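Trainee: The letter at position 33 of the sequence shown is residue 104 when you use our numbering, and the numbering goes up by one with no holes.
Hints were generated in silico from the structure; no laboratory data involved. None of the values given here were measured: they were computed from a predicted structure. All residues carry an ideal CB built from backbone N, CA and C; glycine is no exception. Among the hints, a few may not be true.
Label-pair restraints from in silico Cβ distances [stated by the list, open to error]:
hint, residue 1, residue 2, range
1, ALA163, PRO198, 40 to 50 Å
2, HIS174, LYS201, 39 to 49 Å
3, ALA172, LYS201, 45 to 55 Å
4, ALA162, PRO131, 43 to 53 Å
5, ASN143, ARG178, 14 to 24 Å
6, ALA145, PRO196, 14 to 24 Å
Here are the simulated BS3-like cross-link-like pairs (lysine-lysine), alpha carbons at most 27 Å apart as the crow flies [as the list claims (entries may be wrong)]:
hint, residue 1, residue 2
7, LYS147, LYS197
8, LYS156, LYS170
9, LYS147, LYS170
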Amino acid sequence: MNRSAALAASVLAGVILFTSAPAAFADSRPTPTPRQQGAMPARPLPAGAVRPVADVRVAPRDAQAAARRVVNDAFKAAIEAATAKFDVAMAAATTAAAKAAAHAARRLDVAAAIATRQSALAAIPKPAPKAPKPKPRFSP
72 MNRSAALAAS
82 VLAGVILFTS
92 APAAFADSRP
102 TPTPRQQGAM
112 PARPLPAGAV
122 RPVADVRVAP
132 RDAQAAARRV
142 VNDAFKAAIE
152 AATAKFDVAM
162 AAATTAAAKA
172 AAHAARRLDV
182 AAAIATRQSA
192 LAAIPKPAPK
202 APKPKPRFSP
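Work out the full structure: start from the sequences and follow the hints.
Mentor: Here's what the structure looks like:
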């Protein structure tokens, strides 16, 4: 019995040592991937070389994302202002009617912010869709 317990303990110790060894010998400063390194500085083009043209769909998509960010930031600011106004009103409210009026004012402010956000998002132009791929012609 004593011999089997010693054997089990030594096997367990060996398993623990061998499974933790790769992590112990790993490099503490791994080489970053090209994606992690970010964009490399642009190489100067030789005289007469043609610069590659960027995708024409990227600029409208970036402009739309920037416009959406502006609209969403304005919406968040309006909601935070409504919440701050509500907190001040609730701190000053002493009656049930005053508290109900504060709740109603907050609901109106939030509804106005939502309506403003939806109309602003609807006014942002959509980027052009991708051109459909041509269907291959099959010859009999």
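Trainee: Output the indices of the hints that this structure fails to meet, ascending.
Mentor: none
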